[in-house]
Amino acid sequence: MRGSELREPAGPVVGLTSYLDRAQFGVWDVPAGLLPATYLEGVTAAGGIAVLLPPQPATPEIAARVLDGVSGLVITGGRDLDPAGYGQPAHAETDQPDTTRDAWEFALLAEALRRGVPVLGICRGAQVLNVALGGTLHQHLPDVLGSCGHRAGDGVFTPMPARIVAGTRLAGLLGETCQVQCYHHQAIAELGDELVVSARDDDGVIEAIELPGQDFVLAVQWHPEASLADLRLFTAIVDAARSYAAAQVSR
1372 MRGSELREPA
1382 GPVVGLTSYL
1392 DRAQFGVWDV
1402 PAGLLPATYL
1412 EGVTAAGGIA
1422 VLLPPQPATP
1432 EIAARVLDGV
1442 SGLVITGGRD
1452 LDPAGYGQPA
1462 HAETDQPDTT
1472 RDAWEFALLA
1482 EALRRGVPVL
1492 GICRGAQVLN
1502 VALGGTLHQH
1512 LPDVLGSCGH
1522 RAGDGVFTPM
1532 PARIVAGTRL
1542 AGLLGETCQV
1552 QCYHHQAIAE
1562 LGDELVVSAR
1572 DDDGVIEAIE
1582 LPGQDFVLAV
1592 QWHPEASLAD
1602 LRLFTAIVDA
1612 ARSYAAAQVS
1622 R
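Every position in the sequence shown, counted from 1, becomes a number in this note's numbering once 1371 is added.
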């Protein structure tokens, strides 16, 4: 039997948004499309094929062409969204905005929602989903909670329990509670249109949201890529992408 006949069927292609930032490697110090490898490892360990989607011109036509080539979309973590996008002036602690990435992810998300492409948002990705659907953000959680326990700083994730809302898609995946890895100083304030809360932490901060219905649209404020011993969320997006791809073939 030839080697090619022994291979398992290829998994679905899942696109992951990425940074476009200055990076140093070897003799080079140049702008680069980049993303922590743990995001890619989460998708591939769950049986998917991961491809990077770095920021580029955010036209509907380009977003549509990109979505032609993937069966699932992961909107990843990164710097704070431009608060002008939800009608607020910038807080002193809000990051310098990357409006190019903001526009790119909003364009991809709009096209994904239009087509029914499965979507998983991670940290910033949850905020992108909320703002895209008309919601707002708390720009600096210490102003709300009086502490900065959700982001210890220096790239150290904060473990904390998340309480999952019964009856949600997330509850079907994770059960009543789970331990999550957090690194955020912002959070969802007013909920976007049609979204529902699917998890909160012990402080009452919204830690996950989703769109009810048949399409897979789920976003978490925490970082599942920081704890790949638990692949349930990555498996969920890969499985949803596989189902989406199969449905497109059967049309």
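Keep in mind that the hints were calculated from the coordinates and are not lab data. Mixed in with the good hints, there may be bad ones.
[Claimed, not checked] Computed spacing ranges between beta-carbons, pair by pair:
{"#": "1", "residue 1": "Arg1571", "residue 2": "Thr1430", "range": "19 to 25 Å"}
{"#": "2", "residue 1": "Arg1485", "residue 2": "Phe1528", "range": "29 to 35 Å"}
{"#": "3", "residue 1": "Gln1459", "residue 2": "Asp1525", "range": "26 to 32 Å"}
{"#": "4", "residue 1": "Pro1583", "residue 2": "Gly1397", "range": "30 to 36 Å"}
{"#": "5", "residue 1": "Gly1458", "residue 2": "Leu1599", "range": "33 to 39 Å"}
{"#": "6", "residue 1": "Asp1574", "residue 2": "Ile1433", "range": "38 to 44 Å"}
{"#": "7", "residue 1": "Trp1399", "residue 2": "Gly1575", "range": "44 to 50 Å"}
{"#": "8", "residue 1": "Val1398", "residue 2": "Gly1526", "range": "34 to 40 Å"}
{"#": "9", "residue 1": "Gly1584", "residue 2": "Gln1395", "range": "25 to 31 Å"}
{"#": "10", "residue 1": "Ala1381", "residue 2": "His1462", "range": "43 to 49 Å"}
{"#": "11", "residue 1": "Val1398", "residue 2": "Thr1470", "range": "26 to 32 Å"}
C-beta atoms are modelled at their ideal positions from N, C-alpha and C, and glycine is treated no differently.
Checked hints:
1. Arg1571 with Thr1430: 19 to 25 Å: This hint is violated: roughly 37 Å between Cβ atoms.
2. Arg1485 with Phe1528: 29 to 35 Å: Given a distance of about 34 Å, which is inside 29 to 35 Å, the answer is holds.
3. Gln1459 with Asp1525: 26 to 32 Å: 28 Å, holds
4. Pro1583 with Gly1397: 30 to 36 Å: 48 Å, violated
5. Gly1458 with Leu1599: 33 to 39 Å: 37 Å, holds
6. Asp1574 with Ile1433: 38 to 44 Å: With Cβ atoms ~40 Å apart, the hint holds.
7. Trp1399 with Gly1575: 44 to 50 Å: Distance hint for Trp1399, Gly1575 holds at roughly 45 Å.
8. Val1398 with Gly1526: 34 to 40 Å: This hint is violated: roughly 26 Å between Cβ atoms.
9. Gly1584 with Gln1395: 25 to 31 Å: 44 Å, violated
10. Ala1381 with His1462: 43 to 49 Å: 45 Å, holds
11. Val1398 with Thr1470: 26 to 32 Å: 31 Å Cβ-Cβ, so the 26 to 32 Å window holds.
Checked against the numbered hints above, the structure violates hints 1, 4, 8 and 9; every other hint is satisfied.
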